[in-house]
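If you're matching them up, the sequences are chains A and B in order. FYI, in this note's numbering the residues of the first sequence are 1192 to 1552. FYI, in this note's numbering the residues of the second sequence are 45 to 705.
Do not rely on the hints blindly, as some may be mistaken.
Calculated cross-link-like contacts (lysine-lysine; reagent style DSSO-like; alpha-carbon spacing at most 27 Å) [said to hold, decoys possible]:
id: 1; chain 1: B; residue 1: Lys334; chain 2: A; residue 2: Lys1497
id: 2; chain 1: A; residue 1: Lys1349; chain 2: B; residue 2: Lys334
id: 3; chain 1: B; residue 1: Lys505; chain 2: A; residue 2: Lys1311
Example chain A residues on the side facing chain B (calculated, C-beta under 8 Å, incomplete) [stated by the list, open to error]:
id: 4; residue: Thr1297
id: 5; residue: Gln1300
id: 6; residue: Glu1302
id: 7; residue: Asn1458
id: 8; residue: Leu1476
id: 9; residue: Met1502
Calculated directly from the structure, the hints in this document are not laboratory data. Glycine included, each C-beta is placed from N, C-alpha and C at the ideal position.
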Amino acid sequence: MKHNLKFLLLIAISAFVVSSCNNNADDAPPVKEPGVSYIINYGSYSGDKTTITAYNKETGNVTNGFYENVNGVAMVSNVQHSASLNGKVFFAGNNPDQLFWVDGETFEQNENGITEDIIKPRFVAGQGNYLYISCWGGDIWTDENVSYIAKVNIADKKVEKKIALPGGPEGLAIANNKLYAALNYKDSVAVINLSSEEISYIETPAVTSYFVKDNNNNLYVSLISTFSDFSEETGLGFINTTNDELENVFKLDGVSTSYVNILSSNNDFSKIYVMTSAYDANWNLSGAIATFDVASKEFDSELFIKDISGMNGLSYYNDHVFCFIAESVTGNGKAQTYKTDGTLAEELNTGIAPYMLLTVK
Amino acid sequence: MRNITRIFHLLSKAPLIKLMRRLVYFIVILFSGFGASAQNTHSLQDTIVLEEVITFGNLRKYQSGAKIEQISSKQFEFNQDGNLEQLLSRTLPIPFKADAGGLSTIRIRGTAPDHTSINFGGININSLTLGHSNVSNIPTYLFDKVGVQFGSSSSVNGSGSIGGAVHLGLKNNWVDGFKAKARVSNGSFGEQLYGTKIFVGNGKFESVTRAYYYFKKNDFKFKSTLKDFESGETGFTDTQKNAGIENYGILQEFNYRITENNFFIFNIWYENNWHLVQQNMAVNYLNPEKREEYFDNHIRIWTGYKKRDKAFKYEINGGYVFDNASHNNVTEDTIKTQRIIAEAFIEHDFISNASYKVGAKASRIKPQVYAYSTNLEYEDRIDFYASYYHRFFNRLTATVNLRQGFVSDFNVPFSPSAGLNFIALSREKYILNINGNIASSYRVPTFNDRYWVPGGNPDLKPEKGMNYELGSSWNYCSPNVSGNIKANLFFMNIDNWILWKNGGAYWYAENVQKVHSKGFEFMTDWKYKVMGLISNLGFNYSYTNTKRVESINESPALNRQLEYVPLHAFNLYSITTYKNWDLTFDEIYTGKQFTDEEDKNILKAYFLLNMGLSYNWLINSTNKIRINGMLNNMLNTSYQSSWGYAMPGINYKLSITYNFN
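Just chain B, same shape as in the assembly (with noise of 0.2 Å):
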């Protein structure tokens, strides 16, 4: 009732005739897929799905065709100390523009930051001023599994997932009695990480806390590309100052099972940030004094009563989400943002294999930003959506997921997805899948785009994509090896592109460009054991050609890769066992990249090889403590990911951590 209130609140705003029309067609595919799928009641007894990827809901299942990778267990345990960047940089095909700590932006598909939403439970953590979050600041600690979606999935994530879409995900662990662990880590150049993780529970009831410290002065050494013009000498040696961090977080997890499928769950995630802004290398030597401060904190709740223990399931989940920020401890310039949000859907496998799901997510926005109008007081946003999953033959499953959201005072397009998944071939020992998907998607501009005081443009158009893709998988299992081999085409065309333009007195926002993003991916990832050793090798490879193919801005570039999208990239990683003992490598290739539309400053391609060791030392059967050394940039490379800022060279990290049954 309060979603149809909500319903007619918005259109009271919106433009009428449209937005009715809209509504009505949403509401006949809505109600015909009701009607049909509710003749029959069967359970679904078979998926696809392998593993639930994170506990806030299964992520593939409606989603056929689409890629959906998830970091193994032991890739996650060796960068615990990091932060997400430096787990997905190293795992999947993925660049990101970062400096040597404190600032790093993901760019999925040769997509913008804004472009790939991050979701922890139901909330998209992306700043809704800026449109895109710090990855630098998300800690790997805080979670246990991580997702990542390739390509547009606004479907199903709704605004902003035009390049895809990241997941951070908690397991739910039922713990019956106390388990904890505890990590120290040290590191070069002031590095240090305090964390813990205690779990109490007696099986239907769980506490789980999490927190954690982390340090780092970030004072390495690098070789400045200026020139001395009285000695004329360059390339000398430098010491990077004033870019230190220091961030501390505690995710509290309270969960209650009536049954194995009949749960709440509570989650808040206190998020604290600070780090003083690097300089890049001119003003790093010129003005060594130059300090600039950055603070956000953060208060994420997410929260929910889920029933999936018939055929017939539902959730209902609420959150709310504080986002503060300030620049150069200038509290006066508030810029803030709150949001609560509802979201209630029914999922129904009507059929041995066949389901549904339907639902609403409803948030209401208050900002609270210096710059923007008075007038704005707040937003509301309402989604509703639904997914088909039909499995045809045991040979091929085909999903449909539709959406279409409302915001005050703003046209949301109409976003359908379909995909499909063919087993090709199965075998004893292995299955070939076939699989192809199409997804629409779309972004609501920024707060900031719209309402920033001078420049903000509410007439804005929403910027919308196509994703076509094309993918297939190999999966080999024998009692000794195991491995996959994935390759996928994809095409995405981006159009409505928000950039500020100048506007001779002030800049302003302003739908800009259509861009193209066409490439190839190549995933391998196998295990095997030979002589006691368990290795696991993988390999990852991505072709990203990027294009800005029209602009209203008289562009030198068009036609020419984009920004900041290296045309090639790949990882490679290695991780063997032995005993107690672990061993990995990754190497990072990140291949040129263009940093404006002139052909000049252009990022040289570079090459990352690290290294780590474990060693996992069994005191007892409830006592356990695991070494863990890691040796980064072992060839000492010098490198920029975002022109004119230092890297750090070789340098390590060092971590015990203590876990108790």
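Same shape as in the complex, but just chain A (with noise of 0.2 Å):
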């Protein structure tokens, strides 16, 4: 009987490494997505600031100026991006330049923000006690030599380091204790060794923007052409995160240039969403968002959706794509949700320039 316990016993276990051991997606524990997610509204540049607008998945309402009925004051900072970590949300924020935070469970603002060492912050990235925000640092149209990585220590809120990287860092993703640079200013990826803070440089065929990580941290980044860096070479490139390798590039023509999240993945990564644009019938330009099918890796021949007039970014959520759409900086944007199937699902009114869509973990 003992020996028949022992025996189960060394099955469980057995079993029990085999199945955490094994990458495939399907059988990959289901994500579990909170109830409430927040959408960040970037607002204006000169005039109105990030307001925030929250939603439940579960009764699918939403409430705009979150922050502000909270905290009884508006923001004062247009969001670039946020991110969540150790119970707290950052928000890196623009003109003023700061890094400022509130809980993550009631949203309270209870600190005042960083603002040393935060010039132009583009993104937010953490790990353990330490946030990275790649910070453009002043005018990098002008001097690529300006900008940096701020190494902020939560714990004793302050710019611990400027990691010097110029280029325009813009993008930011962690993986196998490196932090990845998209860089949009220099045809490469930066990778900073996070414990020798060494840099090395990944060669891509365009400017880069964005990350998306899979399963198993590997990264996905936006190749896209701008102004001052034309490439015909638009697309997603893949990047090994184990020999920093550029790996693939899967072309696509079109990918947005915009400073906002333009890449998402599903929960079980067998899908990328990538914003695009192209003109319509009309010749007035328009948002699409195309499908990446990872298995195969091959984009979709058909766009996911296309023809929408403002599109400011995606999120994946709720086993929905939420495409955000603002025409204008003065006026109220929205969200519409699309199930799978691309059909649409729901529209949610949102504050100004809405882009993404912050989970709080």
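Two independent chains are provided; combine them into the complex using the hints.
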């Protein structure tokens, strides 16, 4: 009997170990999403500042002006990017430039933000007690050497170090204890070893903007053509983070150059949604979403959605693709949610210029 | 001949048939008027012109029923240290969106800054790239007169005069000898102005030099709207940083007259403007080191020969404009435009009560902007215009204006206007006029709108407007009291209003919305003498109901009051003169204003009270000194004219002007 018990225990342990090592996404546990997420509305750089729209996926309710409702005052910055870490939500804001944060549960802001050494922040990525913020550092379009990564000690609430990184770092991702920075003014991705802070580069056929990370910690990076750095090699690049090589380029015309969320994957990482733009039948420029099939490594021949006037970003949440729409920066925007078959599910009213959706971890 | 060549050059670039049809219609209209009028060559003895607003042309004569106002010389004198925004906001019912001195834009009758032309001679000084002027950078010191036309006047002033037109005027003095003025002014927040005007002439030839230097540190205190999250404090006092201004300019005139109405003019105006872009209250507090420089300089030359001494009059004018701007000293990102302009017209008073004017204005524009397509070398524009004036029975005057413009690769709409002025009552002491005007208008999109890469849209349609005006004025004059009461109703329809739209990858220019603006303006101005006091009291009120009635954007603010247009605004002023003393008060009320299409961030209504006191010291017949003190925002009102930007509280200005005759 004792022998049998030991044998059963061995089988059980073996089964657990085997299942833990299985990388098959189909067998992965379902992603646990919070019931409430937050749509970030950028506002207008020279006018209205960022507002937050809370969205409850269970009830479908949206609450605009959520930050102001909680804190009694409006935000004073235009939030460029936001991320949650260690129970807090961090906002990288422009005009004024600052990093500020709220409690992840209550959304209350009880401390003043950090402004020192935060100049034109672009993107936030966190690990442990550190936040890494890509900063342009000044007029990057005139001097590509002014940009840097601000390493912020969350406990001390200050920028512990500025890691010089020329080339206009934009989107960030952390994988295998390395920080990957998409460079917006250089045909490369920068790789910073987070232990040694040594920097190496992965050459790319175009400038880069944002990442999505797959279940194996590898990265897909958007390749874009900009006014200052034209390229016909736009699309997605695949970076193997083990050897830091660009292993594949999947071409796609018209990848959006917007400084917003232009990439998002679904929960099991079988699809990557990419924001693009194209002229419609009347030669008006409009937004679209292309779908990249991870298994076949091809873009779907049909666009997921198209002819979206004023498309301003996308996200994946609640098994729906969220398409953010802002035709102007003076009027309210909206979020249209689409089922995975491309049919419109819901339309949500937001604040001015919605562009990303934040889930608090 | 050169103009004809130009027309054919334009025709070769534009859709030929459409242009040909328009041109033929226009020539037929012009020459039918010319043929009819050529039958009578009697001179025009009388017109309704009360006073020539500016030296550059008679605005009122051919625009019966149009509302044209001129700033009085006293008001002009009190505002010599300031800029155009300060002058107009205190004297006329015109709102501005402004910060504390660096940037200000005009909004006549609910229209955009691009919809008001600002004219120096035959030059519309609005930026060809942005479409409008920063009126904070237009110093009143350099000019003698300012006239404002309310409502559309594209048929007279060309592209851009949808909401109104401002005319910066110079007077020909025909100085015989030498006279000079010097002015020193000092005020709060490091404000300084040094100016001089030098007149030299022999009665036939004159040289007039006007120059100024203006500086302001602009470090005023204000009540911040921010919250300190650690102390919980709100409404603390902050000091504006990095908002300094340094401008200087010189305007040189050379004029030569053969006879009183037969003369040459030559004006060159160099303007150099630098300012630190004022940051909003949040940036000022949280990023106090942030400095953003904006620099622009301009050369504007306007010259002409004017022969007005016979019934058959004509003018030949020419101009050159160089505009240059840079942000944060980045000179590689060139933003320059150059224009050469030629204009000629004839005016014929063919019978005693009628006259006509026909002319053409051509310009070649060479933009050098870093973000434009390299294919764009230059753009040619030519406008043909005709005006007709007729007076019936000494009571009714009627005017008609026609204008057709041609622009390389762009279709410009035909722009007519017509007006009537009827003297309903005429007595010894008073006169009552009723007038009306209908005017179409247009704006050729800016170079940025059409050629900026990415997002410029060469296929844009011109913005088009229709303005309907009905007004009355009652003028009273007795030995001790004179004054007027004016009331105007207007309706304006502006279509194809251009905005930049989010295209996903980048923003692009598009004809987005239609706007209706209707309203009522009431103006009254009285002068009276009582016990040695000479008083001037005025009141201006405007009700401006401006709504976005159609938009291709999904706007939540359709049929709501447009942003930065106060529904109610008024100003009240008084100038009292006793012996050598002048005392002035002015009060400005600006109603609440929406700042976006949401119903939040609404600017509160505000009321500003200003006063001035001056003393004229006549040293002798040739030397005079004027000492002038101004106290602005006496109630220390905390207000915003542009959302999030601080404005100064109570402040003073003291100036001394020396006049040598």
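Hints and how they fare:
Restraint check: the Cα-Cα separation between Lys334/B and Lys1497/A comes to about 41 Å, which exceeds 27 Å; the hinted pair is violated. A distance of roughly 19 Å separates the Cα atoms of Lys1349/A and Lys334/B; the hinted pair therefore holds under the 27 Å criterion. A threshold of 27 Å between alpha carbons decides the hint, and for Lys505/B with Lys1311/A the separation of about 37 Å lies outside it, so the pair is violated. Residue-level restraint check for Thr1297/A is violated (minimum Cβ-Cβ distance to chain B is 14 Å; threshold 8 Å).
For the restraint placing Gln1300/A at the interface with chain B, the shortest Cβ-Cβ distance is roughly 5 Å, inside the 8 Å limit, so the hint holds. Hint status for Glu1302/A: holds, given a least beta-carbon distance of 6 Å to chain B, under 8 Å. A distance limit of 8 Å between C-beta atoms decides the matter here; for Asn1458/A the minimum to chain B is near 25 Å, and the interface restraint is violated. A distance limit of 8 Å between C-beta atoms decides the matter here; for Leu1476/A the minimum to chain B is near 3 Å, and the interface restraint holds.
Because the beta carbon of Met1502/A sits about 4 Å from the nearest beta carbon in chain B, less than 8 Å, this interface hint is met.
The structure fails to meet hints 1, 3, 4, 7 from the earlier list, while all remaining hints are met.
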